[in-house]
Amino acid sequence: MRLVRIWFEKKGMIRYISHLDLMRTVTRAIRRSEIPLWYTEGFNPHPYMTFSLPLSLGMESECESMDIKIEGDITDSEILGKLTAAMPDGIHVTAVTEPVFDPKEIAYGEFTLDFDGDFDREKMKEAINSLLSQDEIIIQKLGKKGHKKVMKELDLKPLIFDPAITDTESGVRLFVRLPAGSKTNVNPSLLADLIGKEVPEAVCLITRKRLLMSDLTEFK
Amino acid sequence: MVSKKIEKILPLVQKPGRYTGGELNSVVKDKSKVDIRYAFCFPDCYEIGMSHLGIKILYAAANERDDVWCERVFAPWHDMEEEMRKRALPLYALESGDPIKDFDLIGFTLQYELSYTNVLNMLDLAGLPVRAKDRTSLTPIVVGGGPCACNPEPLAEFFDIFSLGEGEEVSNELFDLLKECKKEGTSKQEFLRRAAKIEGIYVPSLYDISYHEDGTIKAITPKETAPEKVKKRIISDLDTVSYPDKFIVPFIEVVHDRVVHEIFRGCIRGCRFCQAGFLYRPIREKSPEVINEQCKALCKSTGYDEISLSSLSTSDYTRLETLINKLFDWTIPEKINIALPSLRVDNFSDELMEKLQTVRRSGLTFAPEAGTQRLRDAINKNVTEKEVLETSRKAFSGGWTAVKLYFMLGLPTETLDDVAGIADLSQRVVDEFYRNQDKPKGKGVQVSISVASFVPKPFTPFQWEAQNTRDELKVKQEHLLASVKTKKVRVSYHKIDISFLEGVLARGDRRLCDVIEKAWKNGCKFDSWDDSFKIDVWEKTFEECGIDPLFYSSRKRDFSEVLPWDHLDYGIRKQFLIDENKKAYAGETTDHCRIQCAGCGANRLNGGKCDALSKNMV
Ligand code: SF4
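The listed protein sequences derive, respectively, from chains U and D. Going by my numbering, the first residue of the first sequence is number 1, and it counts up by one from there. Going by my numbering, the first residue of the second sequence is number 1001, and it counts up by one from there.
The set of hints was computed from the structure by calculation and includes no laboratory data. Where a beta carbon is used, it is the ideal one built from N, C-alpha and C, also for glycine. Be careful, since some hints might not be right.
What the hints assert, rightly or not - Derived contacts from chain D toward chain U, CB cut-off under 7 Å, selection only:
#, residue
1, Leu1010
2, Leu1024
3, Lys1031
4, Ser1032
5, Pro1147
6, Ile1252
7, Gly1303
8, Trp1330
9, Pro1333
10, Ala1339
11, Lys1485
Claimed, not checked - List of simulated lysine-lysine pairs, DSBU-like, C-alpha gap at most 30 Å:
#, chain 1, residue 1, chain 2, residue 2
12, U, Lys11, D, Lys1033
13, U, Lys123, D, Lys1004
14, U, Lys123, D, Lys1300
15, U, Lys125, D, Lys1008
16, D, Lys1008, U, Lys197
17, D, Lys1474, D, Lys1394
18, D, Lys1404, D, Lys1086
19, D, Lys1300, U, Lys69
20, U, Lys123, D, Lys1246
21, U, Lys141, U, Lys197
What the hints assert, rightly or not - A short list of chain U residues far from chain D (calculated; beta carbon distances all over 10 Å):
#, residue
22, Thr25
23, Arg28
24, Glu105
25, Asp120
26, Leu194
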């Protein structure tokens, strides 16, 4: 038995399926691929599979990964080949590697927010700039207080790193690095929503580009 | 691929995965290379529709043809509909994203009466007039099929044609005809005239209905090419008819998310209340070898880890043990679970029981349907109390602790004693658990009883019966609740109002078309969903239309009355149904088909053949 990390992209319409649905979809793809899975012992044997960091519904990603346990003789490149053939449209397996870091140690995510639509680019850039130059960016966030769910205020300002605005073929792109992982997590859609309020014609596509450790090395 | 405009609204709705298409094994073709674009519509939401076996079978069968592209369409949920209407986006098919109003054929599968308003809503959302007469061009032709097509009269004004019986073969004839008519550039009327000559195709506009003064039907008169009686179609040999080797694998969780395999059609039991038991006759079995191979192919192409063997009364399949052993050979090593939805444990050998347990245990269910032997005899439900208790005991010894029992209220001849009998029987199952030496240690028992209201349906011996009124049913429900004395028995009911409407629509005639259209215009849709069902609007609509719903639901008909579906032939002889009805009142049972053919007549559809008789005379 050995542990392998499968890397894949989630793009296109499949971004509209939730994390739970993705797990089911991928489990079936692995079964179809007929790679030799390791199963738990006992009454109801099941394979071992964990995802590094769930992705929100509606986002694309270029850096998804999951760990599975394999039994029997099969090389990483064979696994890659079989999985590639079995995945549905929108999931593209990019690599199969030995896990290096613990997903619990993931600290940041890098995202692009691509704004598209019938709007004036300068107006969009201005909207983004003026948002990011505020002293505080206060948002309401659903949080927990004891067992109850309550609305909490959160200042996003100190949590946004390395913002960069560029032009794309059809609109404007904002790049940001945000805390991600099991400790603090800022969902980039919070930013997209704030900008969307200023420029309602815009449609925003968010892509997770990379996951980073606390020392900013890439999660491997 | 769905359009950019649809993509834009997906972030605004719940479960956007319902609307994206692109699932594994969905079929995408080059539209410039096909002659017939076919929109197969299920008038309910994605999760319900995608769980349905018929759509998978017919989708695969249609797409086997190079000249046809069959796509799926489901009813958008309220939130999606709102967004679509706001932006004037028409109903589209999932595979191409193209508006279905431009398709050649639009098919609706009619699985339950309470989906009728959704049919209208989907046509409207597509941008089409809901009435057939207002759709004047040759295409799209709107066709309805499925069990409710056995009395399609309440929908007669909305559909161009109905397809009676099993669709695998007749669809092909329909595609050919439509292709021919398109090529010749015929009128829609000419298409209908020709379609009426196809066996199994019912063209409602080619029949005139006249009424007596008391509101009952006087005559049903065919016109032009229409036959006196339209005979349903059946597939004679299930082993050779096309069966999908691929199922579409939904991204989002649907109700039945697994390989489903049909092992036979029809039912030998002859329960007098059960429409399916008569509608799908005669009995035709599929061979274990074919089922086994097809299941293997399906598991391979989908990656599913569960197979459900589907049929009415699964344990009546004559070669069940052979089949299960064949399946176990490969499903156990591959960790695939086998589910038998209507499991009667008594038919199984202990060894088989053991094996089924090493896989995964599903709940144990029974359907005694009635609480007393007298009433079970009247409805010909061949289950005795002894059997229920014995099987429960066996199951308890095997580790089960939960039992689900299905009953009905409002059956013909039912008295309050019969109602109390439901509570008594459930109590005895509880007692059986505690009396059992090998019961699971340290666990309690839970007996859940699910109580539906009886709805008389066409083509059953009870098609002439009066449905209990809502007040009568309420009294019976209360009596049952008062009769249950223990917390180990949990009672759940179907909504009485919903059964009432189902009862009206099931045996309705063409005069209900106005009611359905108006109810839909008044905001009714998704009527089978408790949260969406608006009984007050329906009641108001009946009033507005001057129609007394009780005329349809709670009026006892005379055997001599012309019934709205009398011109449709499902193989079952009317005299057989009359005899069965009389036997019910006399408390006489009819043996199941393996003991003695009761002469229902359905075998005539299959050249006199019926597998109930030929295969199990061991
Ligand atoms: S033909 Fe006879 S054996 Fe076959 S279903 Fe009818 S009654 Fe049963």
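Practice task
Return the numbers of the hints above that this structure violates; sort them in rising order.
Solution key: Hints 3, 4, 5, 8, 9, 10, 11, 14, 17, 18, 20, 22, 23 are the ones this structure does not satisfy, whereas the remaining hints hold.
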